[in-house]
Amino acid sequence: KFEADAKGANPRLSLIDKSGTSRANMGFSSLPNKCSISIDKIYCAIPQSYSSFQEPKLPDEYLKRAAYSTDAIYEIDINQNTFKGIYSEAEPALDATRFTPFNSQLLFINRYDDKVYGLAL
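Taking our numbering, the leading residue of the sequence shown gets 1, the next gets one more, and so forth.
Check the hints yourself; a few may be wrong.
To be verified - Here are the simulated lysine to any residue pairs, SDA-like style, with alpha carbons at most 25 Å apart:
1. Lys-64 / Leu-13
2. Lys-41 / Lys-64
3. Lys-84 / Asp-5
4. Lys-41 / Ile-109
5. Lys-84 / Ala-6
6. Lys-41 / Asn-79
7. Lys-57 / Lys-41
8. Lys-1 / Ser-30
9. Lys-1 / Pro-32
Don't read these hints as lab results, they were simulated from the structure.
Take these sequences, add in the hints, and give me the full structure.
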């Protein structure tokens with residue numbers, strides 16, 4: 001669940017159950033479509049910076065493509081309670097969305113070019 005104040009500032013991401021009850025504060029800011037949740041792992045693209053000169057009003061400006069992010073991608077192992085980076089390079093710049101784990105890869109769309117990318121897991 002993504003929340004921000006009325007001005008789109010102070011964004012928060014929480015893990016919720018089917019009834020909408022918060023189960024965990026993720027401790028970082030990202031949008032739900034930049035994460036994938038399975039039984040034992042969570043993959044998230046966490047924005048490191050934005051293309052706009054000022055902090056964008058989330059989620060509106062991001063979803064309207066008025067702002068793009070440059071992301072680092074992390075894997076959260078729920079069983080081991082670990083958090084590790086799996087991509088943090090500057091090039092190519094990734095604005096990752098729609099994660100799909102598939103055959104030992106993490107597939108996603110890079111909003112900069114709308115192409116499908118994959119990272120080996």
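A quick look at each hint next to the structure:
no., hint, in the structure
1, Lys-64 / Leu-13, "holds, 20 Å"
2, Lys-41 / Lys-64, "violated, 29 Å"
3, Lys-84 / Asp-5, "violated, 29 Å"
4, Lys-41 / Ile-109, "holds, 19 Å"
5, Lys-84 / Ala-6, "violated, 32 Å"
6, Lys-41 / Asn-79, "holds, 8 Å"
7, Lys-57 / Lys-41, "violated, 29 Å"
8, Lys-1 / Ser-30, "holds, 10 Å"
9, Lys-1 / Pro-32, "holds, 7 Å"
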